[in-house]
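Student: Sequence:
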Amino acid sequence: MRYTDEQLEALLADIESDLAERKESWKGDAPDTGRQAVCAFANDLPDHRRPGVLFVGARDDGAPSNLSITDELLRTLSDIRTDGNIGPLPSILVEKRTLKGAEMAVVTVQPSDAPPVRYKGRIWVRIGPRRAVATPQEERILNEKRRYRDIPFDVQPLPSCNLSALSRILFEQEYLPNAFAPDVVAANERSYEQRLASCRMVASVDDLTPTILGVLVLGVSPRDWIPGAYVQFLRIAGTQITDPIQDEAFIEGALEQVLRRIDDKIDSHNRSEVDIRSSNREVRTAPYPRVALQQLIRNAVMHRTYESTNAPVRVYWFDDRIEIINPGGPFGVVTRENFGQPGITDYRNPNLADAMKVLGFVQRFGIGIQTARAELKRNGNPDLEFQVEPTNVLATVRRRP
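Sequential numbering of the sequence shown, starting at 1, is according to my numbering.
No farther apart than 30 Å at their CA atoms in a straight line, the calculated lysine-lysine pairs in the DSSO-like style are these:
hint: 1; residue 1: K265; residue 2: K377
hint: 2; residue 1: K100; residue 2: K27
hint: 3; residue 1: K120; residue 2: K27
hint: 4; residue 1: K96; residue 2: K120
hint: 5; residue 1: K96; residue 2: K27
Distance windows between CB atoms, simulated:
hint: 6; residue 1: I241; residue 2: G380; range: 24 to 34 Å
hint: 7; residue 1: A374; residue 2: V333; range: 15 to 25 Å
hint: 8; residue 1: Q240; residue 2: P382; range: 16 to 26 Å
hint: 9; residue 1: D79; residue 2: D319; range: 36 to 46 Å
hint: 10; residue 1: S91; residue 2: E144; range: 12 to 22 Å
hint: 11; residue 1: R261; residue 2: R364; range: 17 to 27 Å
hint: 12; residue 1: T98; residue 2: T391; range: 41 to 51 Å
hint: 13; residue 1: S160; residue 2: R400; range: 47 to 57 Å
hint: 14; residue 1: R271; residue 2: E144; range: 45 to 55 Å
hint: 15; residue 1: A181; residue 2: D346; range: 23 to 33 Å
hint: 16; residue 1: A10; residue 2: S91; range: 17 to 27 Å
hint: 17; residue 1: R261; residue 2: K27; range: 38 to 48 Å
hint: 18; residue 1: S78; residue 2: E337; range: 19 to 29 Å
hint: 19; residue 1: G380; residue 2: T98; range: 42 to 52 Å
In case anyone wonders, no lab produced these hints; they're calculated from the structure.
For glycine and all other residues, C-beta sits at the position ideal for the given N, C-alpha and C.
Using the sequences provided together with the hints, build the complete structure.
Tutor: Following this line, the structure appears as structure tokens:
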């Protein structure tokens, strides 16, 4: 939904509305409190099912502050979605609009399909002019709302699965301390079940069926429930798939274990070469930049489809190249034509993306391919190649000459 100018001006004038937040500028504490407002609008605790709006360039009474609305400011506001501080990723629209005779930056925030949404480990909500961290009861309301929406596949419950399929130790010792601010974790009002529901690991407090996300992130044995939840690694001695296999691994387990084990496997084969002749100092170079391979494999795990396929993410290491196959084609605004272009990104598994951010495997969203390309260029490798099909994406990384 996109508001008309008349609707936006009405929101500006209604100082009691819980659908509007006003900032005179984007300095001081405005970037922090503005993101709190975006988080609160995404959570939509009052259940308006309408977008909330952050106005930048408006005083508290709704009058224009005559702030200069530059392209740089608009880019900064757009970064709210992808800077990794709010998760799951909010759906926002950033525009320059002329309201009450002056330019303003308008950030329209759609209600989330999978609340609760967190900003820096806290769940923010808004009722009327009040913006605050959610109470345990408000968290419960947000969790209940999730059951009645057309939710993404990664937070749909797994029929016949039960709570014993999740590792409580992994949740309480690894995931929870990273997902929430320390003072929120220290609060004793929330039960284990409430915390699982708040992190979308189970359907709700009243329905403790683990979700796809819960099994992927905390599963004792994820492949028992999601057969394709693993990475297949092959080191092939040659350049053809029919050449002898030198090393093979089926890397499975909870998400963090899979990503760390594939890192170890990459390191074991990506041995540095030492040059002591071309300069006075020893020079070490690797056939492939580690960061580029990490970004591409993590992107494959994040963006693959876990629905209607039992295929794993595949990493095939040949003598002259590495092929990374993702069993998931373009999604949303991403097409075969614009795949890999800067600024073009969408998320088939937004909650899994958030979990990877929580666990430290993602710093910010939407820059994985650009980072990989930059690292390959810096290392002297040929440019990254993609073959994009409706049901899969093949990324080919050529060895450094």
